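Put together the whole structure using the sequences plus the hints.
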Amino acid sequence: MAEVAAAPKSLEKRREQAPLPVPRPDRRFYANTSAFGRFGIRWFDPQIMPQEHSHGHIELNWLTAGGMDYVYDGQPVSVPPERLIMFWAGIPHQTIALDRGQQGDSRQCNVYLPLDSFLHMQTLGRLTETMMGGGVIALTPDAIDEHTLRRWYQDYRSGNAERTDILKSEINNMLRRAALIGWDELLPPWIESVTPTTKAATPVRYVVAMVRHIIENLSDPLTAEDVAKVVGLHPNYALNLFTEVMRVSVRKFVVRMRLIRARSLLFEGNISIANVAYQSGFTSLSQFYEHFRSAYGMTPREMRQNLHG
Numbered sequence: 270m271a272e273v274a275a276a277p278k279s280l281e282k283r284r285e286q287a288p289l290p291v292p293r294p295d296r297r298f299y300a301n302t303s304a305f306g307r308f309g310i311r312w313f314d315p316q317i318m319p320q321e322h323s324h325g326h327i328e329l330n331w332l333t334a335g336g337m338d339y340v341y342d343g344q345p346v347s348v349p350p351e352r353l354i355m356f357w358a359g360i361p362h363q364t365i366a367l368d369r370g371q372q373g374d375s376r377q378c379n380v381y382l383p384l385d386s387f388l389h390m391q392t393l394g395r396l397t398e399t400m401m402g403g404g405v406i407a408l409t410p411d412a413i414d415e416h417t418l419r420r421w422y423q424d425y426r427s428g429n430a431e432r433t434d435i436l437k438s439e440i441n442n443m444l445r446r447a448a449l450i451g452w453d454e455l456l457p458p459w460i461e462s463v464t465p466t467t468k469a470a471t472p473v474r475y476v477v478a479m480v481r482h483i484i485e486n487l488s489d490p491l492t493a494e495d496v497a498k499v500v501g502l503h504p505n506y507a508l509n510l511f512t513e514v515m516r517v518s519v520r521k522f523v524v525r526m527r528l529i530r531a532r533s534l535l536f537e538g539n540i541s542i543a544n545v546a547y548q549s550g551f552t553s554l555s556q557f558y559e560h561f562r563s564a565y566g567m568t569p570r571e572m573r574q575n576l577h578g
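Heads up, the sequence shown is in this note's numbering, so the first residue is 270 and it goes up one at a time.
It cannot be assumed that every hint is accurate.
If you anchor each label on the Cβ, the simulated ranges turn out as follows [claimed, not checked]:
1) G370 x N486: 39 to 47 angstroms
2) N539 x E485: 23 to 31 angstroms
3) R570 x S518: 24 to 32 angstroms
4) D374 x T492: 52 to 60 angstroms
5) N505 x S555: 15 to 23 angstroms
6) S541 x R474: 38 to 46 angstroms
7) R395 x Q423: 26 to 34 angstroms
8) N539 x K498: 32 to 40 angstroms
9) Q316 x T492: 39 to 47 angstroms
10) T568 x F313: 32 to 40 angstroms
11) S347 x G451: 16 to 24 angstroms
12) R420 x T492: 19 to 27 angstroms
13) Q316 x S488: 25 to 33 angstroms
None of these hints come from the bench; they were simulated from the model.
Values in this document were obtained by computation on a predicted structure and should not be read as measured data.
Here a beta-carbon is modelled for each residue, glycine too, at the ideal position from N, C-alpha and C.
What follows is the structure in structure tokens.
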């Protein structure tokens, strides 16, 4: 009987080199039911958004010309052209005004960096703190240019796993450099940072799991101890890890996320304020009012009235 030539190694090599499915240009990246989105890059004509939205990414925006105005967690932010703008998209945001430039041909590039991928990036320090605290920043003018963004998009669309890996490494290196040299602040962080008690490296994967649990279970009762149990660590150790990575305590982070959800529900208009509080996870109406006024400088009713004129 003739020998059959063995080919496992060549087959394995071909499998490794086979390109990934090419992502669709119009692929949807938004899923507000999930704490973490998926990676993606888009080039498109900038548009005014009919309503605010949120999704599980650190978002990076670039305009080739003109400018646009955002509302980010109720605060106005003006975005200049040819600067890479960065913010946590888990906080509701909306484009409300747009300048397409002198030629009317402005284009926009969005990079969607999954929140868990961002949290796993090492040595970002104050940049992580600023993002998770609700800041909006513009990276320095020399951080990146349009040519690089277009190359990134081609890498992303190539379907080649190695090109995609290089692309993600370049994004990481850009952010590491930004963490060292600084940025321009368009909107300051909302949460005051907490100085970490140690400079030792922390297992970020535990913090990522805790963040996911918080965001996806906001309407349920959540204590710091409940959150710590998710990762199977001693509560004190888990809570210290969270504070060291996020630069804010679990309790303050939970309150912040609930306020963000409450503000979104208020804009829907048909839900009673008591139900807004309940659906956001607040068990006490008086506590809800206290936190809301402290955060936004007005009552929930006043915010709703301002919205509807």
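To see whether the hints hold, each was checked on the structure:
no., hint, result
1, G370 x N486: 39 to 47 angstroms, "44 angstroms, holds"
2, N539 x E485: 23 to 31 angstroms, "24 angstroms, holds"
3, R570 x S518: 24 to 32 angstroms, "29 angstroms, holds"
4, D374 x T492: 52 to 60 angstroms, "53 angstroms, holds"
5, N505 x S555: 15 to 23 angstroms, "30 angstroms, violated"
6, S541 x R474: 38 to 46 angstroms, "40 angstroms, holds"
7, R395 x Q423: 26 to 34 angstroms, "32 angstroms, holds"
8, N539 x K498: 32 to 40 angstroms, "36 angstroms, holds"
9, Q316 x T492: 39 to 47 angstroms, "42 angstroms, holds"
10, T568 x F313: 32 to 40 angstroms, "38 angstroms, holds"
11, S347 x G451: 16 to 24 angstroms, "20 angstroms, holds"
12, R420 x T492: 19 to 27 angstroms, "47 angstroms, violated"
13, Q316 x S488: 25 to 33 angstroms, "31 angstroms, holds"
In terms of the numbered hints stated before, the structure departs from hints 5, 12, listed from lowest to highest.
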